[in-house]
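Engineer: Dock chain B against the given chain A, drawing on the hints supplied.
Each protein sequence line maps, in turn, to chains A and B. Oh and the first sequence: position 345 is 345 in our numbering, straight run, nothing missing. For any residue, its number in our numbering is found by taking its place in the second sequence, counting from 1, and adding 353.
These aren't lab readings, by the way, just hints derived from the structure by calculation. What you were told as hints is all true, and nothing was included just to trick you.
Using 27 Å as the maximum straight-line C-alpha spacing, the simulated DSS-like pairs for lysine-lysine come out as follows: (1) A:LYS229 with B:LYS444; (2) B:LYS444 with A:LYS314; (3) B:LYS444 with A:LYS222; (4) A:LYS91 with B:LYS689; (5) A:LYS8 with A:LYS50; (6) A:LYS314 with A:LYS218; (7) B:LYS582 with A:LYS91; (8) A:LYS229 with B:LYS509; (9) B:LYS673 with A:LYS91; (10) B:LYS667 with B:LYS689; (11) A:LYS10 with B:LYS509; (12) B:LYS444 with B:LYS403; (13) B:LYS444 with A:LYS322; (14) B:LYS668 with A:LYS156; (15) B:LYS575 with A:LYS222; (16) B:LYS575 with A:LYS156; (17) A:LYS91 with B:LYS499; (18) B:LYS668 with A:LYS91; (19) A:LYS290 with A:LYS252; (20) B:LYS571 with B:LYS582; (21) A:LYS10 with B:LYS582; (22) A:LYS21 with A:LYS8; (23) B:LYS575 with B:LYS680; (24) B:LYS667 with A:LYS156; (25) B:LYS648 with B:LYS668; (26) A:LYS91 with B:LYS575; (27) B:LYS363 with A:LYS222; (28) A:LYS315 with B:LYS444; (29) A:LYS146 with B:LYS444; (30) A:LYS91 with B:LYS675; (31) B:LYS363 with A:LYS229; (32) A:LYS156 with B:LYS499; (33) B:LYS582 with A:LYS156; (34) B:LYS397 with B:LYS372; (35) B:LYS363 with A:LYS10; (36) B:LYS697 with B:LYS684; (37) A:LYS327 with A:LYS315.
Number of protein chains: 2
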Amino acid sequence: MSRFAVIKGKFHRVFFDEKLKSLKQFLRNGNYSSLIILTDSNTKRHCLPKLVDYCNLKTYHSLCLPAGEEFKTLDSAENLWEQLLPVSDRKSVLINLGGGMITDIGGFTASVFKRGIDFIHVPTTLLSMIDASVGGKTGVDFANYKNQLGTFCQPKAVFISTEFLNSLPHDELVSGKAEMAKHAVLNGLETWNEFVLNFNKTDSVKDQIETAIRFKLKITDKDLFDQGKRIQLNFGHTIGHALESFCLLTKKPIPHGFAVAAGMICELFISCKYFKLSEDFFNEQIIFLKNNFPKIIFNETEIEEILSFVASDKKNIGTKIKPVLLKRLGKPHMDKVVDLVTVKESLNYYRLL
Amino acid sequence: MSRFAVIKGKFHRVFFDEKLKSLKQFLRNGNYSSLIILTDSNTKRHCLPKLVDYCNLKTYHSLCLPAGEEFKTLDSAENLWEQLLPVSDRKSVLINLGGGMITDIGGFTASVFKRGIDFIHVPTTLLSMIDASVGGKTGVDFANYKNQLGTFCQPKAVFISTEFLNSLPHDELVSGKAEMAKHAVLNGLETWNEFVLNFNKTDSVKDQIETAIRFKLKITDKDLFDQGKRIQLNFGHTIGHALESFCLLTKKPIPHGFAVAAGMICELFISCKYFKLSEDFFNEQIIFLKNNFPKIIFNETEIEEILSFVASDKKNIGTKIKPVLLKRLGKPHMDKVVDLVTVKESLNYYRLL
Numbered sequence: 001m002s003r004f005a006v007i008k009g010k011f012h013r014v015f016f017d018e019k020l021k022s023l024k025q026f027l028r029n030g031n032y033s034s035l036i037i038l039t040d041s042n043t044k045r046h047c048l049p050k051l052v053d054y055c056n057l058k059t060y061h062s063l064c065l066p067a068g069e070e071f072k073t074l075d076s077a078e079n080l081w082e083q084l085l086p087v088s089d090r091k092s093v094l095i096n097l098g099g100g101m102i103t104d105i106g107g108f109t110a111s112v113f114k115r116g117i118d119f120i121h122v123p124t125t126l127l128s129m130i131d132a133s134v135g136g137k138t139g140v141d142f143a144n145y146k147n148q149l150g151t152f153c154q155p156k157a158v159f160i161s162t163e164f165l166n167s168l169p170h171d172e173l174v175s176g177k178a179e180m181a182k183h184a185v186l187n188g189l190e191t192w193n194e195f196v197l198n199f200n201k202t203d204s205v206k207d208q209i210e211t212a213i214r215f216k217l218k219i220t221d222k223d224l225f226d227q228g229k230r231i232q233l234n235f236g237h238t239i240g241h242a243l244e245s246f247c248l249l250t251k252k253p254i255p256h257g258f259a260v261a262a263g264m265i266c267e268l269f270i271s272c273k274y275f276k277l278s279e280d281f282f283n284e285q286i287i288f289l290k291n292n293f294p295k296i297i298f299n300e301t302e303i304e305e306i307l308s309f310v311a312s313d314k315k316n317i318g319t320k321i322k323p324v325l326l327k328r329l330g331k332p333h334m335d336k337v338v339d340l341v342t343v344k345e346s347l348n349y350y351r352l353l
Numbered sequence: 354m355s356r357f358a359v360i361k362g363k364f365h366r367v368f369f370d371e372k373l374k375s376l377k378q379f380l381r382n383g384n385y386s387s388l389i390i391l392t393d394s395n396t397k398r399h400c401l402p403k404l405v406d407y408c409n410l411k412t413y414h415s416l417c418l419p420a421g422e423e424f425k426t427l428d429s430a431e432n433l434w435e436q437l438l439p440v441s442d443r444k445s446v447l448i449n450l451g452g453g454m455i456t457d458i459g460g461f462t463a464s465v466f467k468r469g470i471d472f473i474h475v476p477t478t479l480l481s482m483i484d485a486s487v488g489g490k491t492g493v494d495f496a497n498y499k500n501q502l503g504t505f506c507q508p509k510a511v512f513i514s515t516e517f518l519n520s521l522p523h524d525e526l527v528s529g530k531a532e533m534a535k536h537a538v539l540n541g542l543e544t545w546n547e548f549v550l551n552f553n554k555t556d557s558v559k560d561q562i563e564t565a566i567r568f569k570l571k572i573t574d575k576d577l578f579d580q581g582k583r584i585q586l587n588f589g590h591t592i593g594h595a596l597e598s599f600c601l602l603t604k605k606p607i608p609h610g611f612a613v614a615a616g617m618i619c620e621l622f623i624s625c626k627y628f629k630l631s632e633d634f635f636n637e638q639i640i641f642l643k644n645n646f647p648k649i650i651f652n653e654t655e656i657e658e659i660l661s662f663v664a665s666d667k668k669n670i671g672t673k674i675k676p677v678l679l680k681r682l683g684k685p686h687m688d689k690v691v692d693l694v695t696v697k698e699s700l701n702y703y704r705l706l
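This is chain A alone, in the form it adopts within the complex (with noise of 0.2 Å):
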């Protein structure tokens, strides 16, 4: 793979551009009345100067939120409304310039403003890169639920400089490794083991990143309104979102991506089970997993409060519990109905390990 790629999807280009000069290009190009560049506290002091500077940016407006999903809400939308209001109009372009949170959040403020002006992800996180930033959906929370509030909306184009990575705490890395390690196992036997053998090389991390996003692009551009193959994109995050979840509720929050890891390890084990393989079919994925982002900690006793977390997760239809198993790498199977005895069984497994 080339060192300075452009990925051209269906809907976007995304650009692999660390001096972000593409970026540069692309506004000029726009010929936009107005460039406003979105926030969080962290990316404002670490990621905007840069952007600032590569792209020689002489006028722009600023729009900062504070760091943390916490924030990700309608109120901060609201927020976001006021103060585009008189710098905008229908031909600005709004930057969106951190992690997930600001990508999801500015995607959802930039795409009802006026019924929609364009926006552009600039994503800092490796989970923003490979995940939030592409495929399309955008979103708040609201009323302590998730992403309740929200459109499908492309951006018009997507920038990565994975020069912003190095201002990342190690544990964001690792987070988004796990979603790096779905798709791998998602996409079949090579990418697999191209991504085990990658794993800890950091000079390699632009082509993981590349690979990353050609497959989530390859499934979402053909299921744009989350209607069918994209819902294999939640493999890991059933029994994920419930250990998630937990640990918020113990006040031991951990990153998204170590309860996604520990997530695919459950609901590999129940694969196993239910499509009846023999009990090692997916042992190298799980040991990996396992070997390779941190153990979520909790005791017998506590499985009956992550099991109702699993039942009530909001992917569920009705009361049917439906993980997204697997029949082997690269088969994902989107309509077995799982009991709660099986799941109870594959956190004691994931417990045990």
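Structural biologist: Chain B alone, transformed into the frame defined by chain A:
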């Protein structure tokens, strides 16, 4: 035209059905998990019982907003989302039963709730039947600006029963007819002649509505995102909106259509000037509009105030005023920059007519 027509738009169908049997059928086929009906305080009283009766609804949730454009706000939408949360999921459907205010805010509310749930319009005013309920624009006002937040999102279907018009004040009917007049002028001589012929015939109102909707869909289906062809629908609205705002400011608010009728007279006058047509080129249309819609009263000194509204119209591109002009019936022109002196002249012409 048949008395029981269905118009097939590109994105949805419009059913003409006095007893709403087709809505009953549609809901049965839709297999929705829950049914929510949005009304305002007027339509809750005058229209909801009829809809419930005709469709033989046993289980539904009812949401209600106070009547009046001033409640078409983000706050109202937030209130609706809070009420939707406990009674709906992604497979729910929202029925918007009311005028343009209800179809606009209901469409917006549904289009971003859980990234979009299905919604259906059952317009109850003449204006909303021929205008707001078709074309796929949704929106709420924000920070005192009209429709600042919104989406382009199509209803699953539109159901029209002219029985609802029976509860409508006379002024509201006349207001709707002004938008019909606009469609007729834009559609060409044949439609205009038909419009004039049927203007006062109450027994042909369904045919008139059908003609107006077919025309609007012809335009909007080709320009979903308001980038080109659709702009012609602003005919009469540059000056019309200014007159509407002026009347609001002077505490003598008028129905939207009255302002549009006056705006059309002014913009026909300007068309004659800019396209070097003889002064009586649009005489028939101007006299008809003058004779059939209430005159808006303002004196010469107030014209400056009206002009300031024209100058700040959100449809302007930068400082350029571009009302839709007509070269002849059915031949709109959307790219002439008009100077304020001519706008002033047109307002004086209208005043002395």
